[in-house]
Amino acid sequence: MDENEKEKAEKKPAEAAAPVPKKPIEDEIKTGFGDAIAGTRYNFGDLEIKVKKEEIVSLCRFLKNHDKIPYNLLRNLTAVDYKDRFEVVYHLCAMSTMENIIVKADVNRENPHIDSVTSVWCGADWQEREVFDLFGIHFDGHPDLRRIMLTDDWEGHPLRKDYVKKEREVKNASQAIRVINAKNDGTTGT
Amino acid sequence: MTELQVLKTEELTISMGPQHPSTHGVLRLILRVDGEYIRDVKPDLGYLHRGMEKMAEERTYLQFLPLTDRFDYLSAMFNNMVYVRAVEKLGGVEVPERAEYIRVMMMELNRIASHLIFWGTFGLDLGALTPVLYAFREREKVLDLLEMVSGARMTFNYIRFGGVRADLPSGFIEKLKAFLDDFPHRVDDYDALLTGNDIFKMRTIGVGPLSAEKAVEIGVTGPMLRASGVPFDIRRAEPYSVYERFDFKIPTRADGDTFDRYVIRMEEMRQCVRILRQAMEQIPEGDVQTKVSRALKLPAGDVYTRIESPRGELGVYLVSDGGGNPYRFKLRAPSFINLQAIKPLAVGMKVGDLIAILGSIDIVLGEVDR
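If you read the protein sequences in the order shown, they are chains A and B. In terms of the working numbering, the first sequence opens at residue 1 and continues consecutively. In terms of the working numbering, the second sequence opens at residue 1 and continues consecutively.
In short, the hints are calculated from the structure, not lab data. Among the hints, a few may not be true.
[What the hints assert, rightly or not] Estimated spans, in silico, between C-beta atoms of each pair:
| id | chain 1 | residue 1 | chain 2 | residue 2 | range |
| --- | --- | --- | --- | --- | --- |
| 1 | A | Tyr82 | B | Thr155 | 31 to 37 Å |
| 2 | B | Ile205 | A | Val179 | 52 to 58 Å |
| 3 | B | Pro231 | A | Glu28 | 26 to 32 Å |
| 4 | A | Pro24 | B | Met202 | 49 to 55 Å |
[Unchecked claim] With a straight-line cut-off of 27 Å between C-alpha atoms, the simulated DSSO-like cross-links for lysine-lysine are:
| id | chain 1 | residue 1 | chain 2 | residue 2 |
| --- | --- | --- | --- | --- |
| 5 | B | Lys54 | A | Lys53 |
| 6 | A | Lys50 | A | Lys22 |
| 7 | A | Lys83 | B | Lys297 |
| 8 | A | Lys50 | B | Lys54 |
| 9 | B | Lys297 | A | Lys104 |
Heads up, the beta-carbon is just placed ideally off N, CA and C, and yes, glycines get one too.
Looking at chain B on its own, in the form it has when it is part of the complex (with noise of 0.2 Å):
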């Protein structure tokens, strides 16, 4: 007994990643535990900076289309949006109503299959080996009708300046409206699935709570905000595009826990699914397309614009010195804000509470790195 009574124990320092299953990607947490508790987390980034802000000045502002397609992967159609927001708000070109449409469209598929994407592999990341099979089964379809329309399942390239490339092809509106139909019960199906499920619900309620006025502080935006309580979505808060005419909800919730979180983004799917019914109906006729110059030139000047992407504020800043190059390209990128977030969450959890914490922020490294 006296024996135990003076077993040493010590503070431990682990290094979680670059490699490993639940980081998301080449990510790596430097964490200091004691036992089981997580007394300290630093996260370790830049495995996956490529230097895109570099990049961009380099090219013309056309060339550097497809390599926004590269930040966040999974909803690429959000990267094109804002960069040809950002292009077009400097340089005044006005877009087509129909096109507007068929953006917020492709915006919403997209956020779909994002959102899928994180419903399967935080089923993966709590041992929950099924979901990820049914959320697959529907991002293929979501992908499939992406891929009707650009002719890409991930780094779409679709939205340009001015428009979009190419108008919907025939066959499309029903597809889409056959998915639409079927979709709301498979999201039903996935709450029976997982978010009922006690195990789930023991290893996430109450772990990781976010409060609203720190998340504010950190700058969190996006699914995570509003789990804290905040109702702040920009498509409501600024409305782009043509979101102002769509009748959808900004699910909120109270707690900013990780079961919020999480919650929020099922939710959410649900009213994609309400605007994209709205955006079939209301979509008019009319051009998809006004014609840009391939060697655009912007007047000198600088602008922010941002979009609300399915990990929050997505921006971007450019600064135009009257060439034919961004002369400054900053991606204000919601993953890179919200991983901040990871230490005040995670210190004093356990191990396991930070797998599921960090699932719950979303992030893609792709983005967070640039």
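Only chain A is shown next, with the shape it has when bound in the complex (with noise of 0.2 Å):
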């Protein structure tokens, strides 16, 4: 759907920035939710909702349980990074009739906590564990929230901005099999 608006929007640059035709579950979300949704925006056709992360389950349970257009599958669950915020995003999909709604919700930085949307689609789960082991985010609820990637021993969390990595320097590869001998027998290989 957004690939045929793109089309369009090449053929005729005069109407790419006229705006997309509203659609209608964004009043009924912007009514039913009231203060929670935070706004809203059309990403490449696809409605983004930008809602404070206390209504993150109600929010996709009321979208996948609607009446009319029930946004059943979630396609992709991920985090980013801001530098200020964690930025939860969750893409969502309504089969029958192929409408994307993206669902973006805040974290701060200093007390990462979500809540779980593993019981409105248990998929969730395993997405959520890597959020959780690549950038820390805890989502409370969660049955199961430990590291998937990364080893359960792993200081830190990779994929945020401030992560430091740790790594000697290797020039060549006889360098690198020293490090690995002196590694082995634990002096220093220089």
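Both chains are given apart, each in its own frame, so use the hints to dock them into the complex.
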């Protein structure tokens, strides 16, 4: 759908700036959730909703169980580190009409907690674990929140922008072998 | 007799993998078994985690392109394509029509190669040692074709921003035609060799059924979802590239068991041939590449693009802050999401069935662990 719109926009650049026709679900969400909606916009033709994190589960449940267009597929769940805050992003899709909705929620960096949507889609399980592992965002109510990609004793969360990689400078293959040997017998390797 | 009755039994926890021929890579499954029956499955991932999403943030858009080949290494064209599409969408890059046709042809050839690996190794998993030899014979021909065009056999790095790396070489269309004339007969051979086999049917029919509702709730996509009866294929649902110009079927099955997941992929190979034939006839003359700066900078914003890979919905979520590197790159890997279904599918089945179920999910660990 957004692909078609993009094609149109390419052919008629004058119309590209024109606003995308509003989707009825937008007003429905605004009246239903009121102050919890921090803003809406259209991103490549898809409705994007910024919601306060306290209402994330109720909004997702509302969208999934919508009587006309149920947004039943959780396509993608991820997070972005914007240095002053985290943003958790949910890409939903209504399989009956192929309409997409993007839901975003800000999470503060000092105490990153947000409610888990595993009670809405059980498939959010591993995706939330991945975000927990790589960003350190806690999903409250998740049944089994532990690291998934990295080892349990890993320090830090690599996809945070302030994560400092620990690395040893290795210039060539023979030095790499020395480093490995040094690790094995406990010497410094230089 | 009384002694037998008081024999103590207990549940056993065993570790399958990370080195195990049937986990298709370094996957570890922690099983709790009661005799032959599986009571719990806990997958342990991350053995192949290379931190590719972090690596993307340290490279320019172009530098990261060759790395995308290493996600799902059995269908690298799709990884190229989904990343390139995200960049093109955010940057508003136009692609020549001929390039789009070449992309579709390369992807469908790659889909055949990927499904052939599935077919061969699935036979191996179930103890049929012959199919893999036939599968690799035909896959070799596909790889020859892909090598002719891209210069590589697995990590192609062929689909570039604004088009493809080079035009089709002379003699390619004739070679492709010869392959397409031969291949449908080979798929018939595969059916005769394995699909109708009684032992094969006993091992797969009714094993690990997945209902449509459960599949959607987990977020399962691709052949697995279509085997459960949901005709969801992004090539049809949200046509990208030039897919809306081709006439092809979206095969679906009703039961969602291991056999259905297998049959869907066999049928998809036939549909690939149909798409390739039409693409070959329709392909226009023209350029294959729009000029795109090497030091590409994208306007600030975010985009989510998705395509139908052999395993399901392959998506890229790309965030740009206006600089020359991706600010955030996230790959929505179909294998990763589909693998979540292993627990509901396998619990209550026998250990031997687990191998069949895992094979029918068709995972690639490079994509699961990223």
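Violations among the numbered hints: When the structure is compared with the hints, none of them turns out to be violated.
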